[in-house]
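**Student:** Spelled out, the chains give:
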Amino acid sequence: MNYQLLQIISRFGIQLGFGDRSIKQVCREYNIDVNFFLEIINSYHDKNYFPRKNLQGFPLKLIIEYLRESHNYYLEIKIPQIEQLIRQLSEFSDRISGESLRMIDTFFHGYIKELQDHIEREEEKVYPYVFSVEEAFHLKKIPDSLVERLGEYSIDDFESEHDNIEDKLFDLKNIIIKYLPLPVDPNLCHAILTELFRLEADLNDHARIEDKVLVPKVRFMEKWINEHHAQ
Amino acid sequence: MRNMENVNVIIADLSPLSRFGMISLLRQLNYPFSFREVSVPEKLKNIIHKDQASLVISSASFLEKFSDYQIQTMLPGGKYVAKLLINDLPHSQRKFTGFNEIIEFTDTERTILRKLNKTAASLARLNSFQVMPEEISDREKDVLRLVALGNTNKEIAGKLFISSHTVITHRKNITAKLGIKTIAGLTIYALLNKLITSEEIN
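Going down the list, the sequences are from chains A and B.
Last residue of the first sequence: number 231 in the working numbering, and the count goes up by one each step with no gaps.
Last residue of the second sequence: number 1202 in the working numbering, and the count goes up by one each step with no gaps.
Derived from the structure by calculation, the hints contain no laboratory data.
Mixed in with the good hints, there may be bad ones.
What the hints assert, rightly or not - Label pairs and their calculated CB-CB ranges:
#1 Glu1104(B) to Lys53(A): 26 to 34 angstroms
#2 Asn1193(B) to Asp157(A): 49 to 57 angstroms
#3 Asn204(A) to Thr1169(B): 25 to 33 angstroms
#4 Glu1135(B) to Lys173(A): 18 to 26 angstroms
#5 Asp46(A) to Tyr1069(B): 30 to 38 angstroms
Note that the Cβ used here is the ideal one computed from N, Cα and C, for glycine as well.
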């Protein structure tokens, strides 16, 4: 059993205690698109199974809703959890190593800020743009304002701006593994590392859906708009 | 091999006997190999693309249908990758090039193990220094100090009387040795190792 998937299930709003009901039944109860649910779950379960084509077939609304839910999960659940563990680390140590451990705390807050900014930009700038592209594409009606906007900002800009928020995470892991001054609580360190590795893997899966599903889908519609607005 | 990460090995061979045989020989060597078998020539390109193998072992009969050029572009290059050929077509006119070592189909177990060991050892040497932590030099410490205190490359170049280009080289080496990429991370390292004090930052 892949217990990591339970986290993903909760992002769809499904709570534990679903008994022996089938996926189909549970999805119906929660009003979830079964096929979309299965594709997402499978792509997390098996890295080699990445149904790019299938996933691109779903409406953007579903994809973005899912991406938003994972953002919430990072900011509301995962990050506060790690934050608390790191705080414990400095509380339980003596005065001298306590000071350096507080630096780790500060460093992690720098990372949180970066992650928040990143997510905010996606939700407030990128997603609304993506929806307006989809609307124009489906109604086959291209407002001038959109054409203007497309000239200034396209999904490829989003992809190239998709900055390296993972760098700080990478550093934090290495600092904890290699450079923390003793004495520290080893169990706490391992707990933090496990969480950091999980967060990193989760963020990578998340980015994969953005880069391989969202971006190509929008790029395709942008191309259509660029070709048709002139006529 | 404590300092080595898992080594991905691709075994490309039409014959299951040959693939299993190779794997059991490789298991006798004490390296952290993880194996990927390929039995269909058309699939090799994709798998190489995905798997980031450090060692590719392929039989001549497996590669026979590809041109030299195709083989050259398909197999991974660079000095961190080793390629071995199992010559199971001894009577063929075809000469395959670009392989680190050729294993004859008629080689004895000892000979094969010797060849495999030689290749694995040189791979380990090449790959391990990437993951083995190295001390940073005194000059790199100077640069690190200044980076941690918030100086730009240009400012560091001015203070140490070196070119910006040299500063960049030092910074790359520091990051590679310490495994720390960001300035904030380097600052913590510098503080923990007493290269700077927290008063200096403020």
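**Student:** For the range 26 to 34 angstroms, tell me whether the beta carbons of Glu1104(B) and Lys53(A) fit it or not.
**Tutor:** violated (45 angstroms)
**Student:** Go ahead and decide if the range 25 to 33 angstroms is satisfied by the Cβ distance of Asn204(A) to Thr1169(B).
**Tutor:** The hinted range 25 to 33 angstroms holds for Asn204(A) and Thr1169(B), with Cβ atoms some 30 angstroms apart.
**Student:** Between Asn1193(B) and Asp157(A), does the beta-carbon spacing fit 49 to 57 angstroms?
**Tutor:** Because 40 angstroms falls outside the window, the suggested range is violated.
**Student:** Taking the beta carbons of Glu1135(B) and Lys173(A), is their distance inside 18 to 26 angstroms?
**Tutor:** About 21 angstroms separates the Cβ atoms of Glu1135(B) and Lys173(A), which means 18 to 26 angstroms holds.
**Student:** Holds or violated: 30 to 38 angstroms for the Cβ distance of Asp46(A) and Tyr1069(B)?
**Tutor:** holds (34 angstroms)
Hint compliance for this structure: hints 1 and 2 are not met, and every other hint is.
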